[in-house]
Structures are given as structure tokens and as C-alpha cells.
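K.L.:
Given next are the chains, with one letter for each unit.
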Amino acid sequence: MIHHHPADHHLLALASGQMDSGRGFVVSAHVETCRVCQRRLQEFLAVGGEVLQASEPVNVSADAFAQTLRRIDAGLPAAAAITATPTPVGFPRECVTLLPSRLLQGCTGQPWRWIGPGMRYSAIEIPHAAQSNVFLLKIAPGRTMPRHSHGGCEFTQILSGSFNDGRARFDAGDFDETDPHVTHQPVVTDEGECICLAYLDAPLRFESWVARAAARWTGFQN
Amino acid sequence: MALAVDVLNAAPPGADELVALVTAVARHGDRAAFAALFRALAPRVKGFLVRSGADAGVAEDLTQETLVLVWRKASAFDASRAGVSTWVFTIARNLWIDQCRRSLHPAALPQQSAWLADLADCAPANDDDEPLLGEQRRQHLRAVLASLPPEQAEAVQLAYFNDVTHEHIATTLGIPLGTVKSRIRLAIAALRQRLDGIEL
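These protein sequence lines map, in sequence, to chains A and B. Reminder that position 82 of the first sequence reads as 67 in the working numbering, one-by-one numbering, no gaps. Positions in the second sequence are counted from 1; adding 101 to them yields the working numbering.
It should be emphasised that the hints constitute simulated quantities derived from the structure, not laboratory data. Misleading hints may appear alongside valid ones.
Unchecked claim - Just the calculated beta-carbon pair ranges, DEER-fashion:
id, chain 1, residue 1, chain 2, residue 2, range
1, B, 297, A, 102, 41 to 47 Å
2, B, 279, A, 87, 34 to 40 Å
3, A, 116, B, 279, 25 to 31 Å
C-beta: ideal position from N, C-alpha, C; glycine also.
Work out the full structure, taking the sequences as your base and the hints as a guide.
P.N.:
Below you can see the structure in the form of C-alpha cells.
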């Protein structure tokens, strides 16, 4: 049972093509496994259809129909298709099974990198995005993350395990959004390790200097 | 066979008529039906793309591409999963995203969702998928949209266009951009409240 979903305006932004790659990747990962959000997204697409129908018509060129028929008869690909997406490479094995394969197509992962006791991360490169700001995070059972606030917005999709950060409990399938107003300290439950997919548009602000130094030293954040 | 595409002053086809036209294209390769679809859809698709920020040439090209895909994918179209306008919107949206990626549009690159790509391609539904948005629910949605106060209906529409459009509106109305954005969010919330008010 999924309890935490992306806000409606995020789903609308995804439906209308307004959402950038990094955010869209994490929201899409949620939608892939959430029937509620698939339905909401479908509603926003239907609203998009109505918006399209209500758009002020703009005259097409005089021979647009003839040109369209020629394209159909020629049987040529309608557009220079985006190059076929290769299979994902470099991802930690458990993440390949946790994320829908079509979401990972064309993406490049990294092996887990140690960023602190019981904490590992793996950055994700997304095609067509110079800097995706998307990464995977793996935290050991029972581990407490350093207390931190956020320089910007953070989207998190929980892929396995669960954590509690004082605001709520988040389980596999849940989505969380935090912003500069949120300071929290996620504690992973004892039931198992927790793997999350996350997007950050600005560095986390760790309260302790040790955590700040560790984040910088390990290359997790500069 | 070249068909003249005169703009007829007939009423635009309703949702059912659009489905019938797509079905005729799918079953018989009916070019007259396709011409009627073209008349009904192409100027709206182009208008939508122009408002999305496409320049006239790109909007014209992508409009034609959208209609080419309507022809090619018509046989896979499943009216129990989505309405024609939703389907066409999804195709046009996906083409626009690909265009932004090709041209490295200065706007942040939008995410192409695999799930949405499948919908545009009419990829077969998974076995456990029931129709996501049946016709009854779509009618309800249209009724809800029509019931919104005009300012809110307009704000919902605005949500489908980018920041440049929002800035333009803010300047025209002489209000801060943040106000435009918060009005849009309020309108989305109002839409959600009304949509979930009656579960069908």
C-alpha cells in the first residue's frame, strides 16, 4: 500500500512535458509502480487533450494535408527518432531489479560508493541531461542519517526497505518531497536495508561538521 | 488521392465522432475519415505547439508528424483506455519533448516518461490493467472542467504551458509571477477536489 504520492502539480508537469529530466526520472519511477498516480496522470493527459481541443487554432500551411499524405505514403519515419536507447550499464545489480528496465534504458550508473558507515551512493547519468542530479542511496538497517536540511528541493522514491524521519514512515513505493523548510533525520527501520532513488537540486545542509566534511571528502557533495 | 482541406464551418466533431473517424482509418485506411481528423485536429495541435513555445516552422512540422503518427498507430488505438484528444495530446507532447532534446532547447530538458511513450504508442496494456480512464470517467472529467469558474479553468489551461507563458501573463496582468503560479496550483487543487468528489 502506497501512502505518499507526488503532488498533483508535479504529475501535471510530467503529463504536460514541463518537468526536467532529474525530477521527471524520480516521479516517473513512482508512477511506474503506482496505480493511483497512473490514473491521475491519465486524468491530466485527458485534461491536456481538452486543453489541446480548446487551443486557439492556428492555420496550417495550404499544402499541409498533401504533405502529410506524402509522408505517410513514403513510409519514412515520421521523425528522426531519438537514437535507440541502449541497455543500462554500470548499475549495482540489486538496483537493476528494483527499477523498471524501461526507465533505466540509456542511463549509466556507478558501482556503490562508500560515503559513511552503512551508507553508499551511486550517481545516475540520464541521456540528454548534462547533470541529472539523480542518485541512488543505500542505507543499512537501523542506521540513522546525519540530521540535515535542504538547500533546495529533494524528491525521493523509496525502492526497498523503509525509514522514518519523524514526519512520517516511508515504505517501498512511497514518494517524498522535501524543501528548504524541512529539517529531518531519517532512521532506517531494522527490517532491512533501505534503497532510495533521489533527486537534489541543491546540496543537503548537514548540521554536524563531521557529516559536512565526510560528504565533501567522499565526493558525495562538494 | 489528394483531398482538399477546406476549413468547413461545421461544428467540430465530438469525442464519439473522433473515435469513429480513427476507427475508419484503422479498419479501412479511410482517407476521407483521415481528412476529417486532419481538419479537426491539425490547427488545434499547431495552436497548442505554438503556445508551448514552438516557432511556426517547427509547429507546422510537428503537427504533420503528429497526424502521420495518428494514421500509423490508428489500428492500435484503444478507445477504452483513452480518448482521441488525450491520445493526440500525448503524441504531440512526446514529439515536442523529442524536439526540445534534439535542439537542446534552452528550457531544462523535459523528462520523457516510458509510461507515457507507451500510451502514445498504444502499447498493449498489461494483463492486470483495467481501462485507466473509461468513457464514463472522461465525461465526468469534461463536466468537471466545464463546471470550474472561468478564471480557474483558464489557470488549469495555463498549467500546460511553460514559464515563458506564465511570465507573459504576469506582465500583462501586472501581477507577480509567484501569484500566477499560486493561482495555477489553487486551480489544480480545485480540479482535484471536484474530480474526486464523485467516484465513478
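K.L.:
State for each hint whether it applies.
P.N.:
Results for each hint:
1. 297(B) x 102(A): 41 to 47 Å: Check passed, 45 Å falls within 41 to 47 Å.
2. 279(B) x 87(A): 34 to 40 Å: The hinted range 34 to 40 Å holds for residue 279(B) and residue 87(A), with Cβ atoms some 37 Å apart.
3. 116(A) x 279(B): 25 to 31 Å: Roughly 26 Å apart at Cβ, these two residues keep to the hinted range, so it holds.
When each numbered hint is compared with the structure, no violation occurs for any of them.
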